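Visitor: Given next are the chains, with one letter for each unit.
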Amino acid sequence: MAIIHVDGQAYEVNGADNLLQACLSLGLDIPYFCWHPAMGSVGACRQCAVRQYKDADDDQGMLVMSCMTPAKDQTRIDIEDEEARTFRASVVEWLMINHPHDCPVCEEGGHCHLQDMTVMTGHDRRRYRFSKRTRRNQNLGPFIGHEMNRCITCYRCVRFYNDYAGGTDLGAFGSKDNVYFGRYEEGTLESPFAGNLTEVCPTGVFTDKSHAAHYTRKWDLQFAPSICHQCAMGCNISPGERGGSLRRIENRYHGDVNGYFLCDRGRFGYGYVNRSDRPKVPEWRAQLDQTPTHLEVDAALDHITDALRHARRVIGIGSPRASLESNHQLRELVGDKHFSTGIEAQEQACLERMNHLQRTAGLPTPTPREIERHDAILILGEDPVQSAGRLGLNLRQAALARRETMGEKLDVPTWDAEALKTLGQDSYHPLHIAWPTTTELDSVAIRHSLAPEEIARLGFAVAHIIDPSAPAVDRLDTATRETAQQIADDLMAAERPLVVSGGTLTSEAILEAAGNIAKALSMHAKQAGLVLIRREANSTGLALMGGQPLDWALDELAQGNADALVVLENDLYQRLPAKQVDAALARADIRIVLDHQRTPTTDKASILLPAASFAETSGTLVNLEGRAQRFFQVFEPAYLRPEARLHASWHWLHSLAVSLRGEPPKAIHLDQATQACAEAYSSLAGMAQAAPGADHRIAGLPLAREPHRYSGRTAMRAHLNVNEPRPPQDPDTPFAHSMEGYSGFDRPRQQVPFAWAPGWNSPQAWNKFTDEVGGHLRGGDPGVRLIQPAPGHQGHYHQPVQSAEGTNALRALILPRLFGGEETSSLAAPIQQRTEQPSVILSADDAQRLALKTGDRVNIGEGTTLPVYVQPDWPTGWAGLPAGLVAGVLQGATLTLSAGDKP
Amino acid sequence: MDRNKHPIINTAYQLVPATGSLLRTLGTVFMHSFRKRETVSYPEESVYLPPRYRGRIILTRDPDGEERCVACNLCAVACPVDCISLQKAEQDDGRWYPEFFRINFSRCIFCGMCEEACPTSAIQLTPDFEMGEYDRQQLVYEKEDLLIDGPGKDHDYHFYKVAGMAIGGKDKGQAKDEEAPEDVRTLLP
Amino acid sequence: MSWWTPQLTAIFWGMFQALVILLGVVLLGAVLTVVERRFLGLWQDRYGPNRVGPFGTLQLVADMLKIFFKEDWIPPFASRGLFLLAPVLAFASLLLSFLIIPITPGWGVADMHIGLLFFFALAGINVYSVLLGGWSSGNKYALLGALRASAQTLSYEVFMGLSLMGVVAMAGSFNMREIVAAQENLWFIIPQFFGFVTFLVAGVAVTHRAPFDQPEAEQELADGYHIEYSGMKFGMFFIGEYVGMVLVSALIVTLFFGGWHGPLLPPFVWFALKTSGFLLLFMLLRAALPRPRYDRVMSFGWKVCLPLTLINLLATGAVMLWVGA
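Chains as they are written, first to last, in my numbering: chain A, 5 to 907; chain B, -5 to 183; chain C, 30 to 354.
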């Protein structure tokens, strides 16, 4: 703690901060461009000048850059000093000299940091009368728009892209005032975190291209606090809606989970919500080949009630991409004995194993923010960037943090980014990845290219070295033993080692190995951590809820033990081979499917109920930490599309249950649905506290979903009817579908639909909501942890698996893909454009055996042909297949490749 | 004599000029009997409206005949009764235009804030107020109803000629006061 | 036809006159509502109502149709009996005062020796209508309006009576015909100038006409005591105000301007012309003068007008005694 004097007023601040950080944390406004809370200071833009005095007697002082000056005890500065103000105004004026006259046609306008800072410094008249510099743009792919004229050369983009996110294809070119930020040639930005450039760039150089086609100013969007549904990371997002469609996803600051950044799948993968082919009204058909008849809500419920009354047994299939509330209502409808999680058996076993390990392995699960403080990491059988997006960025920061450790010894503050970068050069905290192919983290990691079984054996070996009481691995080859020794040494040398594993390879052995290492580390009383990656948004939650796997449900149907089926937001064909699913569906007379997308499963439905997507309803998800987080309805679809009959799945299912019991229709509200779920499962008891209930008020007000400048309220619906209806009422959440309500920053709150503070329209406004910049939300970071490590070491070591005897058969190794590897986001156009050309990865041996070489096309069944890529260090006996491409192929399934058409 | 100490005398003193003032007022008002009447007998007589009168709102075109509106939304946000709604769309050459542009004239108060906010001179108020309808729905004007063929009051302004964005027919560096695009592959001074 | 006696003739003639005067006054009151608007328009450089019929002549018909067919609503919170009684009182009390006005030597309803006192009595009753209307409406604006109206009327009636005592003294009678007869040579405006001024002020105040319309004060009280009235009940208050205007004008003419006296033209024309002049003055006052603050109105009445009438009365008495002596 340090005392600093600002404009004659004494404040207590964190002495490790720089003055800019300290002042912003105090709520004092100093304009800035190049500084970013997550990326530190470089002092490039000269915008944050203040006058600093040596001591109380000094009345001259000098101008300093507040971002480059430590907030030492007894520092005296004036922000409101006349010369400092003039200086800051001049800086903005010269930055604006070449800035084009573009604001009306700029997608940044309205949430532009440059606009905010220009207003803040008071520069409102251009005095420059000469010609302006111009620059050419590049096409940077489907995600990012580029308009280089607008650049003010703050260097934030390359600092984020290269230094923070590890990208290599964006750079600064040129010299003096001729500096260009772009790629060496036009092309898609390769980093999966490129989307953050739209928020990092203080002006409109990098903008959201997916937003451009249906662009709406930030002030015109309706927001709600939401949770990304595209992986298990549970990043907090602010989806913005206008005119009944989702327009863009903005990062919603969460001090513990996603901080300031999202991955591109989360940011650009929302398009499925807006698809025109979504089911919008209940559909019914007696025969599969009939065209469906549209039904009204009551008629559909009556139909289903009739059908289910006559059914012998109804099986309910839940979904890890649906909320806990929806899954619970389904389980209530069909009964515990007839409920399946909708997850394939092997995957579910892994999920249960992971939940178990998180409780009993003896190591806590760090939050993603805490991961960045771990100083040695072993990633066992995971490619975090591909399987959990944002988590990869956290792991990268952990490796980069070596610089800060080095800087500490030389007294270089953690915010002095450029000095630390020079100091650190290429030294990183040890990061070992056991994974068969290249990963995004390779540049800061040591990767061990191994087959799944070998990865498990490596893990068991490491555990044995750390704690000799852990079982040893037989017949370990020398190379693996050396690798294990190296990893064990690194983990043991570290203060806070971290083990990362997950269910991507659906191998219980790998998870057991990770568990052994965790247990061994906990024996050494290290401040270690264990992170286990799940695949889907609510995988963790569904495993906590429990239920039979999907295989069981299909077997019951196929054997004729049940004749009716209710499927909740789940495409069964994505999970198990089509034959198996077809056989089961053929035996089910009544096939009720609830979904918000058209899938092969909805095509087989006898009654299809249109479910609301995450933007149209509320619910609770559990992320990979075990954190239950609530997502809230962004908009009411029926307001602008009165013909739509979209309802939350938990609404549909509850109405069905009520109607099946022959009771009069009764509405259920979110809080009741959540409460019912929390009461039904002890493991989910805490989920009701994940977010405030519908009666939550701030200063007696509900919370506003719309910014106070929201425009067009009396015209946006006028083409339908000039008489405006009452705005939709929301009995489920504390948010109002209007601008009426609390939207300020001065009263701490957890659930912030959008960040805005007077004078701060850009995402930098989040600094007004945090306890200190880059810290936690003043109202507390949202969500509650449901999985806590059990006290004491209850678990035991698992026995290592023995090396699989060499089989000649080629087995499938499904590799997760950030773009295209997830069911719903791959329905979004930008993600489809961004998806890389898939290929089959083969080892050199296998390629030779099959007489294939890189570029040849092979048939992998069901008419899919893919080019072959031969990777020298790829494990023999495995064929690497991209996830989400060939539906229903399981991890480890035997493949027969046949030569396809020549390209 | 101090008048303030003797309120009666004070009142009496004031009474005379006050009465005079009243009578003069009566006289002045009475003399208005012989003035010309200001009322215009609309609709028999047509009304003269100054060119800057704030009446029916139009969307204008630039001197080249292209739509001026770039769908920046500033008119909508400036509107105090929120009666303007529009959606941005983009032509192939990068030019922004409104996909739809709707004004609900049953809400409009003709304050002219939209015109003041418009950075491209696209939205303008005209001296026309004869917009009465029997059906309120008819007061919802879409872009077809608003767009005219001329530049309105502002004859010369062409937003894209001063903006930095490249559009069809105007490349980078061809706008007013712009240098040719920089060559990023040279380090020469 | 022995039963047809001269008395009967006199009675029918009297009834006929009364009927003609009644209808004349009521119609005049109604016509004035439109005429006033046209005059206000004239003085404000506009037209006023000129759309219904040629030159707006049928405006009155339109207004009457409207007011007859308007919903006649009695608020549920009103005191019903008094609420109904108030407008009747307002209308009737002023109308009855016309009994005493001699229009020409041959025309006039009643020739009472208490003439002027009858007018004072009815003017006193008129206060009740305002008070009852305001109170029975059960509305705070109405009540405030009624309070103002009664305080104002009572205050101004004090010197209204006193201001006419000079006239009575000079004519030596309360009988209106005798007062007119006493002015054959000299209108009382000359010897009784201050009496005329104070009576004019009091007359405007008693009829609640601008600038003494504090009881109705639209801006502060939203119409004052008749805020809850609608339809024909409001109409009676409304026409009552104009009848009051005609009455005060006629009284001024009778008391100070020699009634029907005048050269060349027939007596009725003189009477009508003089009355019209004062009606015009009433309208001009409304067009020209702003409404003073309420406390100013009260202090003006008590501190200026009352002393002025007393001095006037004393002076008149003194002069009469001196001359008579």
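I should point out that these hints are in silico values taken from the structure, not numbers from a laboratory. Please note that the accuracy of each hint is not assured.
Said to hold, decoys possible - Chain B is faced by these chain A residues, among others (derived, beta-carbon under 8 Å):
{"hint": "1", "residue": "VAL109"}
{"hint": "2", "residue": "TYR643"}
{"hint": "3", "residue": "PRO646"}
{"hint": "4", "residue": "GLY716"}
{"hint": "5", "residue": "HIS723"}
Stated by the list, open to error - Here are the in silico distance ranges between beta carbons for each label pair:
{"hint": "6", "chain 1": "C", "residue 1": "LEU215", "chain 2": "B", "residue 2": "LEU17", "range": "39 to 49 Å"}
{"hint": "7", "chain 1": "A", "residue 1": "ASP181", "chain 2": "B", "residue 2": "VAL41", "range": "53 to 63 Å"}
{"hint": "8", "chain 1": "A", "residue 1": "SER135", "chain 2": "B", "residue 2": "ASP86", "range": "21 to 31 Å"}
{"hint": "9", "chain 1": "A", "residue 1": "GLY19", "chain 2": "B", "residue 2": "ALA111", "range": "42 to 52 Å"}
{"hint": "10", "chain 1": "B", "residue 1": "ALA174", "chain 2": "A", "residue 2": "HIS9", "range": "44 to 54 Å"}
All of these numbers come straight from a predicted model, not from anything done at the bench. Every residue, glycine too, gets a C-beta built ideally from N, C-alpha and C.
Visitor: With reference to the structure, classify each hint as holding or not holding.
Guide: How the hints compare with the structure:
For VAL109 of chain A, the suggested interface contact is upheld, since its CB lies about 5 Å from the closest CB of chain B, less than 8 Å. With its C-beta approaching chain B no nearer than about 14 Å, TYR643 of chain A sits outside the 8 Å limit, and its interface hint is violated. The beta carbon of PRO646 of chain A is not positioned within 8 Å of any beta carbon in chain B (closest approach about 16 Å), and the interface hint is therefore violated. Annotation: interface hint on GLY716 of chain A holds; nearest CB of chain B at approximately 3 Å, less than 8 Å.
Hint on HIS723 of chain A holds. Least Cβ distance to chain B is approximately 6 Å, under the 8 Å limit. Remark: the range hint 39 to 49 Å for LEU215 of chain C to LEU17 of chain B is contradicted by a beta-carbon distance near 24 Å. The given range of 53 to 63 Å is respected by ASP181 of chain A and VAL41 of chain B, whose C-beta atoms sit roughly 57 Å from each other. For the hinted restraint 21 to 31 Å between SER135 of chain A and ASP86 of chain B, the CB-CB distance of approximately 28 Å keeps it satisfied.
Between GLY19 of chain A and ALA111 of chain B, the C-beta spacing of about 46 Å keeps the proposed range 42 to 52 Å intact. Checked against the hint of 44 to 54 Å, the C-beta distance between ALA174 of chain B and HIS9 of chain A comes to roughly 51 Å, which is consistent with it.
Of the numbered hints listed earlier, those contradicted by the structure are 2, 3 and 6.
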